[in-house]
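Residue numbers (our numbering), protein chains in the order written: chain A, 1 to 190; chain B, 1 to 190.
Keep in mind that the hints were calculated from the coordinates and are not lab data.
Predicted, not measured: the structure shown is a model, and the values here were computed from it.
You can trust all of the hints, since none of them are fake.
Calculated lysine-lysine pairs in the DSSO-like style (CA-CA distance at most 30 Å, straight line):
(1) A/115 x A/129
(2) B/129 x A/128
(3) B/128 x A/116
(4) B/93 x B/129
(5) A/128 x B/128
(6) B/128 x A/129
(7) A/94 x A/116
(8) B/128 x B/93
(9) B/128 x B/94
(10) A/129 x A/94
(11) A/115 x A/128
(12) A/115 x A/94
(13) A/115 x A/93
(14) B/116 x A/128
(15) A/128 x A/116
Residues from chain B that keep clear of chain A, each with C-beta distances beyond 12 Å, as calculated:
(16) 16
(17) 52
(18) 56
(19) 58
(20) 119
(21) 132
(22) 134
All C-beta atoms in this analysis are idealised placements derived from N, C-alpha and C, irrespective of residue type, glycine included.
There are 2 protein chains.
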Amino acid sequence: MEKKLIYLALVHYPVLNRHGELITSAITNLDIHDIARLARTYDLPAYYLVTPLSDQQVLARSLIDHWLEGVGGDINPDRREAMGLIRIAEDIKKVCSEIILETGRSVLVYVTTAKKCPNYVNWSGLRKKIEDQGRESILLLFGTASGFDNSVLENADGVIFPIEGNREYNHLPVRSAVAITLDRLLGDRN
Amino acid sequence: MEKKLIYLALVHYPVLNRHGELITSAITNLDIHDIARLARTYDLPAYYLVTPLSDQQVLARSLIDHWLEGVGGDINPDRREAMGLIRIAEDIKKVCSEIILETGRSVLVYVTTAKKCPNYVNWSGLRKKIEDQGRESILLLFGTASGFDNSVLENADGVIFPIEGNREYNHLPVRSAVAITLDRLLGDRN
Numbered sequence: 001m002e003k004k005l006i007y008l009a010l011v012h013y014p015v016l017n018r019h020g021e022l023i024t025s026a027i028t029n030l031d032i033h034d035i036a037r038l039a040r041t042y043d044l045p046a047y048y049l050v051t052p053l054s055d056q057q058v059l060a061r062s063l064i065d066h067w068l069e070g071v072g073g074d075i076n077p078d079r080r081e082a083m084g085l086i087r088i089a090e091d092i093k094k095v096c097s098e099i100i101l102e103t104g105r106s107v108l109v110y111v112t113t114a115k116k117c118p119n120y121v122n123w124s125g126l127r128k129k130i131e132d133q134g135r136e137s138i139l140l141l142f143g144t145a146s147g148f149d150n151s152v153l154e155n156a157d158g159v160i161f162p163i164e165g166n167r168e169y170n171h172l173p174v175r176s177a178v179a180i181t182l183d184r185l186l187g188d189r190n
Numbered sequence: 001m002e003k004k005l006i007y008l009a010l011v012h013y014p015v016l017n018r019h020g021e022l023i024t025s026a027i028t029n030l031d032i033h034d035i036a037r038l039a040r041t042y043d044l045p046a047y048y049l050v051t052p053l054s055d056q057q058v059l060a061r062s063l064i065d066h067w068l069e070g071v072g073g074d075i076n077p078d079r080r081e082a083m084g085l086i087r088i089a090e091d092i093k094k095v096c097s098e099i100i101l102e103t104g105r106s107v108l109v110y111v112t113t114a115k116k117c118p119n120y121v122n123w124s125g126l127r128k129k130i131e132d133q134g135r136e137s138i139l140l141l142f143g144t145a146s147g148f149d150n151s152v153l154e155n156a157d158g159v160i161f162p163i164e165g166n167r168e169y170n171h172l173p174v175r176s177a178v179a180i181t182l183d184r185l186l187g188d189r190n
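Take these sequences, add in the hints, and give me the full structure.
Listed below in structure tokens is the structure:
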């Protein structure tokens, strides 16, 4: 299957805690694994972990290297393949510049959120954009903790309509949101 | 939103390990939480944990009760609401008889798998069946470990076409498979 130029980033700053305060969230081993397997399933070229904290970057690197270089990947080569897609970056801007450098294309940034925003992009519209993909790469941003700080939404090219937009309960784990998002945008519809 | 009579069960026996041997897998706290939140999001009436081991049933019960009766649910009422959907059963047959008793309808059992089976049901067909839902309830079975023993597939009313059926990499976590399955069958398509 042809690789679309769609990248994914899991963002640990700037995000909010449940009181709406700006924080840097901690990386979690589980999100690293589950989202890497999803990125591999849907043929993404890379999955970025974004954190400005150097000790968290070092921790993430060691968790990943266990699978790339250690015994984990020998026992479970499928996991190695998924973990090999992960890249670590200090901020969203750095992710964008790396993608531009790699692809030679500009990048459109789309943000996922559980909150409704006034100027959202709907799913069929974004799916169509991907199918017609022209000169731009696409970067999908997912927030951890209680979601993105407003600055991220304001600086994005688009905010995607919430997965649970027409439902009363909107408390999905971010790894579930990634699964559903990739499938809505790239999944088969047979 | 009207509740469809679609139930979900996460099955820990009879499943296979990576060598193809019949085992009972252990319950995992993470699958309990993530899948409960998904069940709540997509308005399922219940989410069954299936294990024949009584010590595992007791463990599951105590993990759930922490949220239903303990301090966890006071701090996080959304989680309590999700965890309240979980029921524990000793086998698939027991799940079916409980659903029949509750709904007064017969139940059709559909199995999810990462392997292709000769007589699969495709997604649009099953989605249509749900939309036209008549006199039957539907039970979706998800296997843990390396997937179901063949006996489960043979006794089901249908085996759903694999999520990754047209892809080369089929190593999704079961909680991702649940997310994608519920969204494909019950999600909004705007």
